[in-house]
Amino acid sequence: MTVSATPTPKTKFSDLTQMPDARGHFGPYGGRFVSETLSFALDELEKTYLSLRDDPEFQAEFDYDLAHYVGRPSPLYHAKRWSESLGGAQIWLKREDLNHTGAHKVNNTIGQALLAKKTGKPRIIAETGAGQHGVASATVAARLGLECDVYMGAADVERQKLNVYRMHLLGARVIPVESGTRTLKDAMNEALRDWVTNVDNTFYIIGTVAGPHPYPLLVRDFNAVVGREARRQSLEQIGRLPDALIACVGGGSNALGLFYPFVEDDGVAMYGVEAGGDGVETGRHAAPLASNAPRGVLHGNRTYLMSDEAGQVSDTHSISAGLDYPGVGPEHALWKDVGRVEYVAANDKEVLEAFRELTHMEGIMPALETAHALAHAKVLAPTMRTDQHIVVNLSGRGDKDIMTVAKLDGIEF
Amino acid sequence: MNRIDQRFSELKQQGRKALIPYITAGDPAPQYTVGFMHALVEAGADVIELGVPFSDPMADGPVIQKACERALKQGTRLVDLLQMVKEFRQTDTTTPVVLMGYLNPIERIGYENFADQAASVGVDGVLIVDMPPEEAEEIGPLLKSRDLAAIFLVAPTTSHQRAATICAHGEGYLYYVSLKGVTGAATLNADDVAEHLAPLREMTNLPLCVGFGIRDGVTAAEVAKVADGVIVGSALVNRIAESVDAPETIPGQLKSVLAEMRSAMDA
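If you're matching them up, the sequences are chains E and Y in order. Read in UniProt numbering, the first sequence has 234 at position 234, and its numbers run on one by one without any break. Read in UniProt numbering, the second sequence has 137 at position 137, and its numbers run on one by one without any break.
Chain E extracted, bound-state conformation:
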C-alpha cells in the first residue's frame, strides 16, 4: 500500500487526507480501469477539475449555488425525543433532506454541472438507483438548459415511479435498463456505454464516490460541504466535536461527505452502514464491506466487490434501490482497511422499524437509504452515555418511498 509520506503526521489518520495519489489510487483501491476510448475524456475531466479545485472564483460560484439554489447550510437538528426514548447518546440529524430536491445528491450535481458548463458539453447523462441522483441531475440540467438522459434499472423504475415522473417533469429522458439485474450497476454499465459512444458532446455526472478517477475525488470534494458544516455546527451547538458519526453507504457519497472533514479528528468514531437486505448471513444483501467481500474491479475502480468465485458480479438485495449496489467507493475500502471507519450492515426489517420510529417520534420521514444509518443509531446510542453525541447524516427525505412502505402495509393507491 502506498500512503503518501507526510513529515510529521498531525494525527493517526493524517495520511488519509493525502488521498488519492496522482493516478487516483487510494492505497490498493481506486484507479482508472476503463476501456481506452474513455481515457481521453477522463484526462480532460481531471485536468479541468484540478485547475478549478483551488480556484477561488469557481469555489465562489459553487458556494453561491449551494446557498441560494440548494438552500445551504442545512440544519443540524437535535432529535431530543428520539434520543430520550433510546436512553443513551444525544442524536443530532444533519438535515440533507431539506436540500432542494430532497437529498445530499444535489451538492455533487451542482458541482459537476459547473464542470460540464466549463467543458461546454451540451448533453449530460447520469445513472440512478433510487432516482435521487437522477432527479438532482435532471434539476441542474433544466437550470442550465442542457439535454439530460438518465439511465435507471428497469426494476428500480418500477419501485421508484414517483422519481421517474419527477425526472420526466424536469425534462429529462429516463431510459429503463433491462440488462443484467436491472438495478443500479446495470444502469451504470449502460451510462458508460452511452458515454463511450457520445463522449464528444456528453458530460457524465456520476452520482457516487465510485467510478474511474477523478470521479471518487470530485464527488467527495463536492459533498464534503456536509461534513464541514456539521463540524462547525457541532462546535457551535454541542460545544465540541461529536463522539460518533453515522451515515448509510451504498456507493458512499453522503458518508464520505460527512466523514471526510472529520478524518483527522481521532476522537470521532465513524460508522458506515451498508444494506443488510435479508441479513448479511443469508448472502442476500448489498454490503461488500460489512461482509468482507473480495477485492475486485468494476466500473473503473478497484474496491471491495461482491462477486462469485469465478469473478462474476453478484446479485444484490436491498429494500432500498439507492444502496442496491455490489461495490463501494474505493476510499471507503481503504478506510475500512486502515480502521478509520467501522462498516456494519442494517437489514431490511431493522431499516423499516427505524423509518417508522423517526417518522413517529420526530415528524421527519427519512429515505429508506437514510433509515439504514438510523437503524444503527438505534443500536449504538443506548450503549453510550447521555452526555455523548452522535451526528447522523439524514441524507434524504422519504417521500419517494411512501409507495414501497404502503405496499408492505398492504395498501394500494
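These are calculated hints, taken from the structure and not from any lab test. The beta carbon of each residue, even a glycine, is placed where N, CA and C say it ideally should be. It cannot be assumed that every hint is accurate.
If you want the footprint, here are the derived chain E segments under chain Y, 3+ residues with CB under 8 Å [said to hold, decoys possible]:
{"no.": "1", "stretch": "26-35"}
{"no.": "2", "stretch": "170-178"}
{"no.": "3", "stretch": "188-201"}
{"no.": "4", "stretch": "291-300"}
Covered, in the sense of this in silico footprint (three residues per stretch, anywhere, with C-beta under 8 Å from a C-beta of chain E), are these stretches of chain Y [what the hints assert, rightly or not]:
{"no.": "5", "stretch": "93-107"}
{"no.": "6", "stretch": "156-163"}
{"no.": "7", "stretch": "178-189"}
Fit chain Y to the given chain E structure using the hints.
Relative to chain E, chain Y alone:
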C-alpha cells in the same frame, strides 16, 4: 517465439493480412466452443480471440452482452475456458489464441495463478478491455515472464502521447478500435481508420489490427488495405445468437462469414 509473432511474421512474408475472429467462450454452451475454434481456423482465421464472459461487459453492445449472458447461464468460468484452450491445443499447435475480456475474473483467481495456467494450456496473448497500460504494472511482468503478450487498445480519442505509451507497453499486436462506441455499434469508415493508423506506424513496429464495425467481406477488405489485421466479433456472434436452437449448424455459418472475408481480403 510467441505464436502471435510467428504468425504475423509468416503473414508479412506472404504479403497477407491477418483475419482475427472473436467468439465468446461458452456461447451457446461450453461443449461447442472448441469445435467453433477449429471451424474458424478452417475458414482462414490467423489468430483467435476467445472472449471471457463477464456479468458486466461495459464496453460491449447488446450482441456480445447477450453472448455473455448465454455463456454465464451455462456456468462458463475462466477456468473452463482455459481447459477449452488446452483441448484446442491437442490438435492445433500453431494458431495463436488471445483471451479477451474484463479484469475482474482474472483478479478473482489471482494474477499469478492466471498467468501460470494460461501459459501452461497454450494461451498466447491477453487483452483486458478495462485495463489500460497504467493499471497493468502488476500483471504486466507476470505475463511477460511467461511469454504471454499483453495486447492493448488504441482508440480514435487516444492522444499522441498516450498512444506512444501504449505502443511502448504493447506486445503481439495493437488493437485499434475503429469507432467511438461499444462493440457491434456501427460500420467503420476506412479512410478515417487509415488516417489514425498512419501516426501509429511511426511509433511502433507492432502489427496494427482493427476491430469494431467490420461486418462483411467489403469492410474487411477495405480495412485490410490499410491495416495488418482485421478483427471481427459481433458479425460472428450474431450468427451464433440466431442459431442457439440448432448449434450443429453454427460451425458452417461461422465458416461462411469468415470465408467471405478471407477471400475478399486475399483478392
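Unsatisfied constraints (hint numbers, rising): 2
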